[in-house]
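Colleague: Below are the chains, spelled out letter by letter.
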Amino acid sequence: MLSYSVKRLLMLVPVLLGMTIIVFAIIHAIPGNPALTILGTKATPEAIHNLNQSLGLDQPLYVQYFTYLKNILSGHLGTSIQDNTSIASEIWPHLAATIELSFVAMVIAVVVGINAGIISAWKQNSVFDYAAMIIALIGVSMPIFWLGLLEQWAFSVKLNWLPSIGRTDIITTVQPITNLYLIDTLLEGQFAQFWMVVRHLILPAIALATIPTAIIARMTRSSMLEVLKSDYIRTAKAKGEHMFWIVYKYALKNAFIPILTVIGLQTGLLLGGAILTETIFGWPGIGLYVYNAIQYRDYPVIQSGILVISFIFVMVNFITDLLYGLFDPRIKYR
Amino acid sequence: MSETILEVKGLKTSFFTDDGEVPAVDGINFSVNEGEILGIVGESGCGKSVTSLSIMGLLPSPPGKIVGGQILYKGEDISHAKESRMRKLRGNDIAMIFQEPMTSLNPVFTIGEQLTEAIRLHNHLPKKELESRAEELLKMVGLPRARELLKEYPHELSGGMRQRVMIAIAMSCDPKVLIADEPTTALDVTIQAQILDLMAKLNRETHTAIILITHDLGVVAQVCKRVVVMYAGKVVEEGDVRDIFNHPSHPYTEGLIRSIPDLYSKKEKLYTIKGSVPKPGSIKQGCLFAPRCDYVMDKCWTNAPELVGDSHKSRCFLHQEQA
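Residue numbers (the numbering used here), protein chains in the order written: chain D, 1 to 334; chain Y, 335 to 657.
Just so you know, not all the hints are guaranteed correct.
No farther apart than 16 Å at their CA atoms in a straight line, the calculated lysine to aspartate or glutamate pairs in the EDC-like style are these [stated by the list, open to error]:
id : chain 1 : residue 1 : chain 2 : residue 2
1  : D       : Lys253    : Y       : Glu447
2  : Y       : Lys608    : Y       : Asp411
3  : Y       : Lys473    : Y       : Asp531
4  : D       : Lys332    : Y       : Glu377
5  : Y       : Lys399    : Y       : Asp352
6  : Y       : Lys462    : Y       : Glu447
7  : Y       : Lys485    : Y       : Asp508
8  : D       : Lys229    : Y       : Glu434
9  : D       : Lys249    : Y       : Glu447
10 : Y       : Lys485    : D       : Asp328
11 : Y       : Lys408    : Y       : Glu341
12 : Y       : Lys343    : Y       : Glu447
13 : D       : Lys332    : Y       : Glu490
14 : Y       : Lys485    : Y       : Glu447
15 : Y       : Lys647    : Y       : Asp596
16 : Y       : Lys608    : Y       : Glu640
Don't read these hints as lab results, they were simulated from the structure. All of these numbers come straight from a predicted model, not from anything done at the bench.
Work the whole structure out from these sequences, hints included.
Modeller: Written out as structure tokens, the structure is:
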């Protein structure tokens, strides 16, 4: 297992290298001169030439790529064109906001999705089964921005139960330690702030959880249906085991591999910036960060944002791969 | 004579499909005495497995349902017992082994976990004793390296070993009745003989009554004392194994015996019973075997014979007239 993990980690190196090449190529394939973008259309040719030189844009492409790679490896992601801030220091708070939101959304999706799927399979063709699967179908088809707007209209505007926007109230500032506010507020013993952070999380988390919940529920149902028909489930019944344990212990562990795959992919997607959800709920995550950068043609920020998002996606898949072995002993790591 | 432990009286089990009610088991009677090995023989589709699943209360429901008769375990009718009562009986009093050893064990739990499960459910043993009991069981069914096997997974074992594990699981709570549904069908011949020997040995040592369900009369001859022959959801002949082999009194049984290959016979072609088991419910009147019978008479097409006789019963006009 350990040697497999190390091997698998080493195999990530070419993947990550390929990723940097693609990100680099995409940015350079965009038509237009960055210097012109920075200086504006009225810049003199001399100024453009000077800026090109100072940015290293007059070098051959491969030299530019290696400079870029060297910078990434030493943690220099460059500075934002918009406000000259260091991207490396800006990216973590945004990423933390996304991680917090995605984590809560995934917890909702896994708990609700798996249970709905299990009960649907267990009570196949029951009213619950039909209702759950119709809701799941609506869930996967619902445009998230529309669901988000509906939530805001119902729970913030009409009922006034929950805040509609942002990570905190405008008047409150959470002292960042880890930048995961749920943890920071607890570390500082600010329970009122903790509750406020939770209240801000609810609506965007539900919106973000909708699609993964539906996908997980459908996958769990079909995987469980297959397992529940198998001979070893009959064996478990013949031993006198209670149906609840047969379903939740013996069947679920067998049905879990495809569910785990879906959970892994969905987690990767969510962490990769839920741009729509973050934009609608004003959530200062990595998605919103990149979205704003795109509006300002802030290439270094876009480039770094995409790089971080892809890196996370690759890592989540790597972890999912390692987890398979926990659920199925037939999967051998060599 | 020892006491009757399980008695099936007029059991009727039907499947309710889109095409209406299909009677898979149609009023069968038999009983099993303590410590006895009873064989139930018949072709595929004659209702053997449905009978065993009915006894265990494991019919897939819907569509399967017991629509009549009684299943008496120690005098208690369990044909419509509550699920909680059945859970107490299953594994503990009545255990079952299945046809497919390759798929009957859960692939993601160790042999040890699966072996101790029934014991854990029915007798609350401390963890230490649980392990030594599991080891003991594996030794009892003739598996070497018992201690290591407990930590292994089903895919690391051969088919024969898995069936031994299944038997160990079934025997783990000292059941009074063991139902073995085609336990050797999926195994190759040498392993078949070993498994049958093992079951006969366990029967002698533990006095567990065994209901051996098979399509193979050879298997029955090897281990059973009494045999019930089923055809299309009904019992057609019942009696002592020797009696039935020497004097089959139903053409179906006779056909089954004649279709066993004989090593010393010079015949070129093996006898077969023509046709196949009719679809349940497709024959509305007369003897169900009439279309396939070599001795069919006129009245067989209109009247259904009853099961008659004392120790050797049969359901055929031919032999009723002789008697």
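Colleague: Which hint numbers doesn't this structure obey?
Modeller: 2, 4, 7, 12, 15, 16
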